[in-house]
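Undergrad: Here is how the chains run, residue by residue.
There are 2 protein chains.
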Amino acid sequence: MPTNSILTAEQLTGLVEQGLRALPIQGEPHGLYQPVVYAIDAGGKRIRPTLVLASCNLFADELQPAMPAAMAVEVFHNFTLLHDDIMDHADLRRGRPTVHRRWGTNAAILSGDAMSVMAYELLAQSPEPMLSALLGAFNRLAMGVCQGQQLDMDFEQLAAVSQEQYVGMIELKTSALLSGALELGAIVGGAPQADVDALVELGRHMGIAFQLQDDLLDVYGDVAVFGKQTGGDIMAQKKTMLTVLTRQQLDVAEREQFDALMRNADLQREQKVEQVMAFYARSQAQRAVEQLVEQHFDLARQALASVAVPIERKAVLQAVLNKMAGRKL
Amino acid sequence: MPTNSILTAEQLTGLVEQGLRALPIQGEPHGLYQPVVYAIDAGGKRIRPTLVLASCNLFADELQPAMPAAMAVEVFHNFTLLHDDIMDHADLRRGRPTVHRRWGTNAAILSGDAMSVMAYELLAQSPEPMLSALLGAFNRLAMGVCQGQQLDMDFEQLAAVSQEQYVGMIELKTSALLSGALELGAIVGGAPQADVDALVELGRHMGIAFQLQDDLLDVYGDVAVFGKQTGGDIMAQKKTMLTVLTRQQLDVAEREQFDALMRNADLQREQKVEQVMAFYARSQAQRAVEQLVEQHFDLARQALASVAVPIERKAVLQAVLNKMAGRKL
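Residue numbers (this note's numbering), protein chains in the order written: chain A, 1 to 329; chain B, 1 to 329.
Simulated from the structure, these hints should not be mistaken for laboratory data.
Incorrect hints may have been included.
Partial selection, computed: residues in chain A whose CB lies under 7 Å from chain B [as the list claims (entries may be wrong)]:
#1 Gly31
#2 Leu32
#3 His83
#4 Asn106
#5 Ser116
#6 Ser132
#7 Ala142
#8 Gln149
#9 Asp154
Pair by pair, the computed Cβ-Cβ distance ranges are [said to hold, decoys possible]:
#10 A/Gln26 / B/Gly190: 50 to 58 Å
#11 B/Glu290 / A/Arg21: 28 to 36 Å
#12 B/Met324 / A/Leu158: 33 to 41 Å
#13 A/Lys238 / B/Gly326: 37 to 45 Å
#14 A/Tyr220 / B/Asp41: 46 to 54 Å
#15 B/Glu156 / A/Gly95: 30 to 38 Å
#16 A/Gly232 / B/Val225: 54 to 62 Å
#17 A/Arg21 / B/Ala224: 52 to 60 Å
#18 A/Gln318 / B/Ala22: 28 to 36 Å
#19 B/Arg269 / A/Gly104: 22 to 30 Å
#20 B/Leu23 / A/Gly95: 55 to 63 Å
Computed from a predicted structure; not experimentally measured.
C-beta atoms are modelled at their ideal positions from N, C-alpha and C, and glycine is treated no differently.
Make the full structure from the sequences, and use the hints.
TA: Pasting the structure below:
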């Protein structure tokens, strides 16, 4: 695999998979490492480590120095999934039992803790001159994810969440890891600060757009394409941008009806989803969220455009953005 | 507070408390940081951060450069207590409800995760030239604690645990943090590698001796002095050095009797503790464990003696060892 030129998305993903296969996660005690192997083997799109490498490749031809940071980001991401699945009482992840369902909550807590440490072990293998900057970026990313998860849990207890609050939560829970991945890669690649800042901005808008798309897909997604039942967020009474924008459009009496409907746990799934969707339709929330998605993808593209490197180096990140923006409802 | 000479134990603890009061742990979202403040405020002997500073003070007069590492170790230690208390279903910690009892398991998982990240944030404030070495030492410490906790849980499922296995578990679960604390301080102080190694050895034996003392205190401790009922380990069917050495002395038939007694959950507390203690007495396990404790404190003192600095610089660590060794049954 060439690592000394501008690579394609496939080549970057190949490097990532190669790196993941070589991770030192087959250790003792077995009970600690087995769930780690299971979690990493589960697959996924590997978007975050690919972003690390793609961001580095904007500025540098040599990508091996960015591999430790790329691996660190992917291991940390999977650690957060392990603990999130405990907190959300999730039974399945990528079609298989979650770690806490398979090995118990204690194992999922402890193996998650170990993965968090592993992420720092990996990061520590980065080139020493940039270690301090990388550690700073990684810590911001990590703390952002924790803060975002806390806000998400806090929102479950709140009747009203504003659009600003909701976007602020996504910026932490989803964008922090994407921004952080791009920042780490740019630092390893030797980017000037202005370009690092632009890439952080890219990740921020990419994360917001991506999460708002998820909010839409959960309601309007094609079951055949996405392979899961729609309306999951509605049934879980989750705040999404659809509920936030819908509530904005309602008068006090309607808002009380809507909130009562959302809280109603006795309604049949089909009825409840249909009635909530009627509220969404009346407030034209779908179109409003779609516009927000487009806006944030546009802002992400503008951020990429502002990075001061030749356009041919931006092809992969451009393609990643286009592919994401093209996720069909 | 002077920080440019050889400090006393009280002065070191004063520096630690001052550092802890200045920790940036009053952030938002409130739900994330409130349990962190609660955990740090709970007190404790602050032995680990004091070891960081004392170890640095062996080699250097200026202790401020070691403060970030000292704080990192204390925050990480308290993080492990948060998650251990979930795994052990512990209701009380230092006389107050545990974090998961007060705010729920999800909060305890997530605030613990945040504390782990905070520990790395603090460590990252260490002097940059030694950051790579400090990060390496900290990662070893952190992974050791995770591995030790896993082994401790694994042992609950095993009928037989050898003396070597048990000591190996303690070396990870208890010694890793003490060794790591001494190592971090020595690195910041600019110690030569031979002295760093000696201090790691000191921490290893100190940890083993300390845990074996705990095993004894849980059975033979003076309730008036230690303020809790003895026999807790026996009732929780925990492996301790007393059970390990007792089983070694028994023939096959007696061993079956002993194992059955340990597993018996129907016996009254007083009866069960009395009968298990009779096995300990017959096998002279108490005296054997006391000898091991003395041996490991001796080895810790020898390790300290081998550190190539003037004896007056060693007064604090000598005093720490003597104070620990003097814990009365």
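Undergrad: 33 to 41 Å was suggested as the range; check whether the CB atoms of B/Met324 and A/Leu158 agree with it.
TA: 49 Å Cβ-Cβ, so the 33 to 41 Å window is violated.
Undergrad: Does the hinted range 50 to 58 Å hold for A/Gln26 and B/Gly190 at CB?
TA: Between A/Gln26 and B/Gly190, where Cβ atoms are some 37 Å apart, the hint is violated.
Undergrad: Interface hint check: A/Ser132, Cβ to nearest Cβ on chain B, cutoff 7 Å. Holds or violated?
TA: holds, 5 Å
Undergrad: Mind checking the CB of A/Gly31 against every CB in chain B and telling me if the closest is under 7 Å?
TA: The hint holds - A/Gly31 has a Cβ within 7 Å of chain B, the shortest such distance being about 5 Å.
Undergrad: Holds or violated: the 28 to 36 Å window for the beta-carbon distance between B/Glu290 and A/Arg21?
TA: With Cβ atoms ~50 Å apart, the hint is violated.
Undergrad: Kindly confirm whether 30 to 38 Å is satisfied by the beta carbon distance between B/Glu156 and A/Gly95.
TA: holds, 32 Å
Undergrad: Between the beta carbons of A/Tyr220 and B/Asp41, is the distance compatible with 46 to 54 Å?
TA: Since the Cβ atoms of A/Tyr220 and B/Asp41 sit about 48 Å apart, the hinted range of 46 to 54 Å holds.
Undergrad: Classify the hint on A/Leu32 as holds or violated, based on whether any CB of chain B lies nearer than 7 Å to its CB.
TA: holds, 4 Å
Undergrad: Taking the beta carbons of B/Arg269 and A/Gly104, is their distance inside 22 to 30 Å?
TA: holds, 28 Å
Undergrad: Honestly, do A/Gly232 and B/Val225 meet the 54 to 62 Å range at C-beta?
TA: With Cβ atoms ~56 Å apart, the hint holds.
Undergrad: Would you say the C-beta atoms of A/Lys238 and B/Gly326 sit inside 37 to 45 Å of each other?
TA: violated, 57 Å
Undergrad: Starting from the hint 55 to 63 Å, judge whether the C-beta atoms of B/Leu23 and A/Gly95 obey it.
TA: Given about 43 Å between the Cβ atoms, the range is violated.
In this structure, the earlier hints numbered 10, 11, 12, 13, 18 and 20 are contradicted, and the remaining ones agree with it.
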